[in-house]
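Q: Read off the chains here:
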Amino acid sequence: MRSVAQFQILLLILLVPGISTAVSPEQRIEMGKAIAFNRNAGNCLSCHVIADGELPGMIGPPLVQMKLRFPDRSALRSQIWEAAKRNPDTVMPPYGRHSILTEQEVDLVVDFIHSL
Amino acid sequence: MKAGLFILMFLGIASQAVADPEADRVAFEKFYKERLPGIEIAAHKDGAYALDAAKREQWLEIEDFPPYEIAVDEGESLFSVAFANGKSYTDCFANGGMGIKQTYPYFDLDRGEVITLELAINNCRDANDEAQLDYMGEEMGNISAYMAFTSRGNKFDIKVPEEAVEAYEQGKRFYYERRGQLDFACSSCHMDIVGGLLRAEILSASIGHATHWPTYRFKWEQIGGIQRRFLQCNEQVGAESLAQQSKAYRNLEYFLTYMNNGMELNGPASRR
Chain A
1 MRSVAQFQIL
11 LLILLVPGIS
21 TAVSPEQRIE
31 MGKAIAFNRN
41 AGNCLSCHVI
51 ADGELPGMIG
61 PPLVQMKLRF
71 PDRSALRSQI
81 WEAAKRNPDT
91 VMPPYGRHSI
101 LTEQEVDLVV
111 DFIHSL
Chain B
1001 MKAGLFILMF
1011 LGIASQAVAD
1021 PEADRVAFEK
1031 FYKERLPGIE
1041 IAAHKDGAYA
1051 LDAAKREQWL
1061 EIEDFPPYEI
1071 AVDEGESLFS
1081 VAFANGKSYT
1091 DCFANGGMGI
1101 KQTYPYFDLD
1111 RGEVITLELA
1121 INNCRDANDE
1131 AQLDYMGEEM
1141 GNISAYMAFT
1151 SRGNKFDIKV
1161 PEEAVEAYEQ
1171 GKRFYYERRG
1181 QLDFACSSCH
1191 MDIVGGLLRA
1201 EILSASIGHA
1211 THWPTYRFKW
1221 EQIGGIQRRF
1231 LQCNEQVGAE
1241 SLAQQSKAYR
1251 NLEYFLTYMN
1261 NGMELNGPAS
1271 RR
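Residue numbers (my numbering), protein chains in the order written: chain A, 1 to 116; chain B, 1001 to 1272.
I should point out that these hints are in silico values taken from the structure, not numbers from a laboratory. The model shown is predicted, which means the values in this text are computed figures rather than measured ones. Honestly, I wouldn't trust all of these hints.
[As the list claims (entries may be wrong)] Pairs of lysine to any residue residues, derived as SDA-like cross-links and limited to a Cα-Cα distance of at most 25 Å, are as follows:
#1 B:Lys1219 - A:Phe37
#2 B:Lys1219 - A:Leu55
#3 B:Lys1055 - A:Asn43
[Claimed, not checked] Rough simulated footprint, nothing fancy, chain B against chain A, three-plus residues with beta-carbon under 8 Å:
#4 42-54
#5 90-102
[As the list claims (entries may be wrong)] Partial list, computed: chain B residues near chain A (C-beta under 10 Å):
#6 Gln1181
#7 Leu1182
#8 Phe1184
#9 Ala1185
#10 Cys1189
#11 Asp1192
#12 Ile1193
#13 Leu1203
#14 Val1237
#15 Glu1240
By construction, the Cβ of each residue, glycine as well, lies at the ideal position given by its N, Cα and C atoms.
Using the sequences provided together with the hints, build the complete structure.
A: In structure tokens, the structure reads:
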């Protein structure tokens, strides 16, 4: 519950014009984490083990050493946007293409995942 | 020699184009045997509880005092009540409606459509000038639970006659087609990643998906049919949910139940 409230406050900060420029990279990672962990948003934990995440699923690979696996941030973004582009048989939902998350939210999640 | 080879190749292609439900079923069974080698096909009638010993323990304790017992009892009394015209359900079904669920759904040649047990119950009421029952309601759940109970231990024996191939194929397409915001097909969860953990939930095999209905789900706090689960699955993946007993759901149930041919019926059951 606390994390949802936190997430909404952080999102407010981002959305209010003028304040968004003040968001630090660390804050973006925190915001991305809140979206990733939220069951009604990214819900990444339903399939991936992520540090700090409770009750993770084990469908996809654990999200560790992400900079090693995705030296190129845009490749990670593309994976989250539409994983089927790289692997047509994937079961990973197309977060960007199907508007499960907004473009802004995808970018925040990418920041968070890339930090792992 | 070359011509012979060509003819063989041609025959191969031609036979692939012709629908062969039994070949589909054999391949389906083989898939799960290979994917989940430690689990007997027959064991999948218990769904996810066939795949996890700890969850199975908990479930067996629940089944000691089955939450669907009242539904079966009430279904029995409802089933025996005569309609206003003096007839009753027993007049609508083979063998008085007892021990027949293994033949449902079937393809009705006169109507040219798939008839599920629930639809047959309402068709029976129609034919006797009784109001139809709500497919998600308690009364339908209770009557179908009683009929399922009398069919326990029987094995599915679904037929797909020539005329039914199109309905079967439509059901099969629905099963393998991706849909909804999450872009999942039935097969995404129940084949591609079957046995995997979605959070703490284990994804069950589709071989066994038809055996145990209607089911008391704690999530529903009620007994409900397989199509209610279809609806919920569609909602869970952010897809359009269809009406109970719509043609698409009936065809899907037809395909799925055919895939369960030879498996033992063990409904009604309980699920989380």
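Q: Evaluate each hint against the coordinates.
A: Okay, the hints, checked on the actual structure:
A distance of roughly 23 Å separates the Cα atoms of Lys1219 (chain B) and Phe37 (chain A); the hinted pair therefore holds under the 25 Å criterion. A hinted pair counts as satisfied when its Cα atoms are at most 25 Å apart, and Lys1219 (chain B) with Leu55 (chain A) qualifies at roughly 19 Å. This hinted pair checks out: Lys1055 (chain B) and Asn43 (chain A) have alpha carbons roughly 23 Å apart, not beyond 25 Å. Look at the segment 42-54 of chain A against chain B: 3 of its residues bring a Cβ nearer than 8 Å to a Cβ of that chain, three or more, so the hint holds.
Only when three residues or more bring their CB closer than 8 Å to a CB of chain B does the claim for the segment 90-102 of chain A stand; here the count is 6, and the claim holds. Restraint check, Gln1181 (chain B) versus chain A: the minimum CB separation of about 5 Å is within 10 Å; hint holds. At its closest, the beta carbon of Leu1182 (chain B) sits 4 Å from a beta carbon of chain A; the interface hint therefore holds under the 10 Å criterion. Contact between Phe1184 (chain B) and chain A, as hinted, is supported at the beta carbon level, the nearest pair being about 7 Å apart and thus within 10 Å.
The beta carbon of Ala1185 (chain B) comes within 9 Å of a beta carbon in chain A, closer than 10 Å, and the hint placing it at the interface holds. Given the 10 Å rule on beta carbons, the hint for Cys1189 (chain B) holds: about 7 Å separates it from the nearest Cβ of chain A. Hint on Asp1192 (chain B) holds. Least Cβ distance to chain A is approximately 5 Å, under the 10 Å limit. With 10 Å as the threshold, the beta carbon of Ile1193 (chain B) comes within range of chain A, its nearest partner Cβ sitting at about 5 Å, so the hint holds.
For Leu1203 (chain B), the interface hint holds, the least distance from its beta-carbon to any beta-carbon of chain A being 8 Å, beneath 10 Å. The beta carbon of Val1237 (chain B) comes within 8 Å of a beta carbon in chain A, closer than 10 Å, and the hint placing it at the interface holds. Because the closest C-beta pair between Glu1240 (chain B) and chain A is about 14 Å apart, greater than 10 Å, the hint is violated.
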